Amino acid sequence: MKKCPVCGVSVKVENLERHVGNQHPHETVDLDRVLTAGERRAARGKSPTRPAVTARGIAVISAVVLVVALLFAIAVLNPFRGTGPGVGQYAPEFTVPSSAGGEVTLSTYRGTPVLLEFMDVDCAACQQEASVLRYVYENYSASVEFLSVSVDFVGQADTLERINAFRTSHGTPWTYAHDRDRVAREAYGVSATPTTFFLDRNGVIVHSIRGSAPGGIDAYAEWLDKAIRA
Amino acid sequence: MPTLSRGDRLLLVAALAGFGVLNAAYLMWQWYAAASDSWCDLDAYFSCTKVRDSPWSAIGGIPTATVGLAGFAVLVGLAGLALRGTERLGPWSLDRWLLLFALTGAAVGAGLTVVEVFVIQAICVLCVFGFALDLAILGLAVTLPGAS
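Quick mapping for you: the protein sequence lines, in order, are chains A and B.
Quick note: the first sequence uses the working numbering, first residue 1, plus one each step.
Quick note: the second sequence uses the working numbering, first residue 1001, plus one each step.
Simulated from the structure, these hints should not be mistaken for laboratory data.
Watch out, some of these pointers could steer you wrong.
Taking CB as the label site, the calculated pair distances span [unchecked claim]: (1) B:1073 - A:23: 25 to 33 Å; (2) A:62 - B:1139: 16 to 24 Å; (3) A:217 - B:1104: 21 to 29 Å; (4) A:222 - B:1135: 43 to 51 Å; (5) A:207 - B:1090: 55 to 63 Å; (6) A:73 - B:1088: 56 to 64 Å; (7) A:36 - B:1142: 39 to 47 Å.
Computed, partial: chain A to chain B, Cβ under 10 Å [what the hints assert, rightly or not]: (8) 26; (9) 29; (10) 53; (11) 78; (12) 124; (13) 173.
Among the chain A residues that face chain B by a calculated CB cut under 10 Å, a handful are [claimed, not checked]: (14) 5; (15) 64; (16) 76; (17) 122.
Remember, it's a predicted structure, so these values are computed and weren't measured experimentally.
For each residue, glycine too, the CB sits at the ideal point set by N, CA and C.
Modelling step: build the complete structure from the supplied sequences, incorporating the hints.
Okay, here's the thing in structure tokens:
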């Protein structure tokens, strides 16, 4: 141990040079006068040698970090997915095969508020949401049209048969449709299932929910009431 | 990378492993907090939702990403120690520990990628991102003993 020539604190011989540099950076201390040649040799032997980081290395690492950060941000934020229409805009028109046979066209619902759900038969959250929507339907079917569109997001490919089986097993009697050609999915920028749009009687978007409705039945009721009043 | 010094390589290992921690933490958060939502889906095949909803995404109720988080955190710690000048840890040199953990991480990543392709039949791009980090760290760890 040696006493620091500046502050007098006892410091290990091998740490003295670092202590003076870190704690008293503005002091000029001649360590040759404080330590004997033997102590300095011993200190060098005990002190760990930090591997040098070069300026070229910093440049390469910075470039790599930038590229990796960019890739990570792209993977997480997925900026290439469509953003879809916003609140206050007209809901984009689409015509897709209907579970009832034939086709369903969104504009035929004009004059009535619409709950438009984009879902997938294999999406676990959509299966859970179906029981919530069934309850909402029982309370709002007199004044609101319900339309669920399968966008074939996950799992096995959806077909009208699978969609009808889903409709029957979940007891959800409204019309389902199959966005086989991804027309509606792209027009609405659907990037998650379920995604639900609330349209007023003129086809204007009042609200949208990505994923399950956070407030469950109450959330659907709140936005359907607003769609009816709009 | 003949032009990078040992210190450069260690710092690069620490930086890449740091991204690994970030990535694994995000995957873990998605598993716990966003279970009612689908996410990170490009189509039915490149679908993080499908991977997350599979039985392989958790072991005994703990998300698989936890293993990645711990592994990458250890790599950050080992690289940090080596950058401070520590040469040995217990019976082995730090280079050897780094190689061991990098190799283990790459092996686990390769195994999970095989499971994604052949069992789940869907790819989670963020899992692939983590595997790519594993491979890059392994490449650096292999060259560490010869670097000055």
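Structure-based check of all given hints:
As the Cβ distance of residue 1073 (chain B) to residue 23 (chain A) is approximately 31 Å, the hint placing it in 25 to 33 Å holds. Range check, residue 62 (chain A) to residue 1139 (chain B): Cβ separation about 19 Å, and the 16 to 24 Å hint holds. The supplied range of 21 to 29 Å is broken by residue 217 (chain A) and residue 1104 (chain B), whose beta-carbon atoms lie about 48 Å from each other. A hinted range of 43 to 51 Å holds for the C-beta pair residue 222 (chain A) and residue 1135 (chain B), which are about 49 Å apart.
Remark: the range hint 55 to 63 Å for residue 207 (chain A) to residue 1090 (chain B) is upheld by a beta-carbon distance near 59 Å. Our hint of 56 to 64 Å for residue 73 (chain A) and residue 1088 (chain B) is violated, since their Cβ atoms are close to 38 Å apart. Checking the proposed 39 to 47 Å range against residue 36 (chain A) and residue 1142 (chain B) shows it holds: the Cβ atoms sit about 44 Å from each other. At its closest, the beta carbon of residue 26 (chain A) sits 25 Å from a beta carbon of chain B; the interface hint therefore is violated under the 10 Å criterion.
A least Cβ separation of about 23 Å between residue 29 (chain A) and chain B goes past the 10 Å threshold, and the interface hint is therefore violated. Given the 10 Å rule on beta carbons, the hint for residue 53 (chain A) holds: about 4 Å separates it from the nearest Cβ of chain B. For residue 78 (chain A), the shortest C-beta to C-beta distance to chain B is roughly 7 Å, which falls under 10 Å, so the interface hint holds. Residue-level restraint check for residue 124 (chain A) holds (minimum Cβ-Cβ distance to chain B is 6 Å; threshold 10 Å).
Below 10 Å, beta-carbon pairs count as interface contacts, and residue 173 (chain A) has none with chain B, the closest being about 24 Å; its hint is therefore violated. A distance limit of 10 Å between C-beta atoms decides the matter here; for residue 5 (chain A) the minimum to chain B is near 25 Å, and the interface restraint is violated. Of the supplied interface hints, the one on residue 64 (chain A) holds, with its beta-carbon coming within about 6 Å of a beta-carbon of chain B, less than 10 Å. With a cut of 10 Å, the hint placing residue 76 (chain A) at the interface with chain B holds, because the nearest CB-to-CB distance is about 6 Å.
A least Cβ separation of about 8 Å between residue 122 (chain A) and chain B falls short of the 10 Å threshold, and the interface hint therefore holds.
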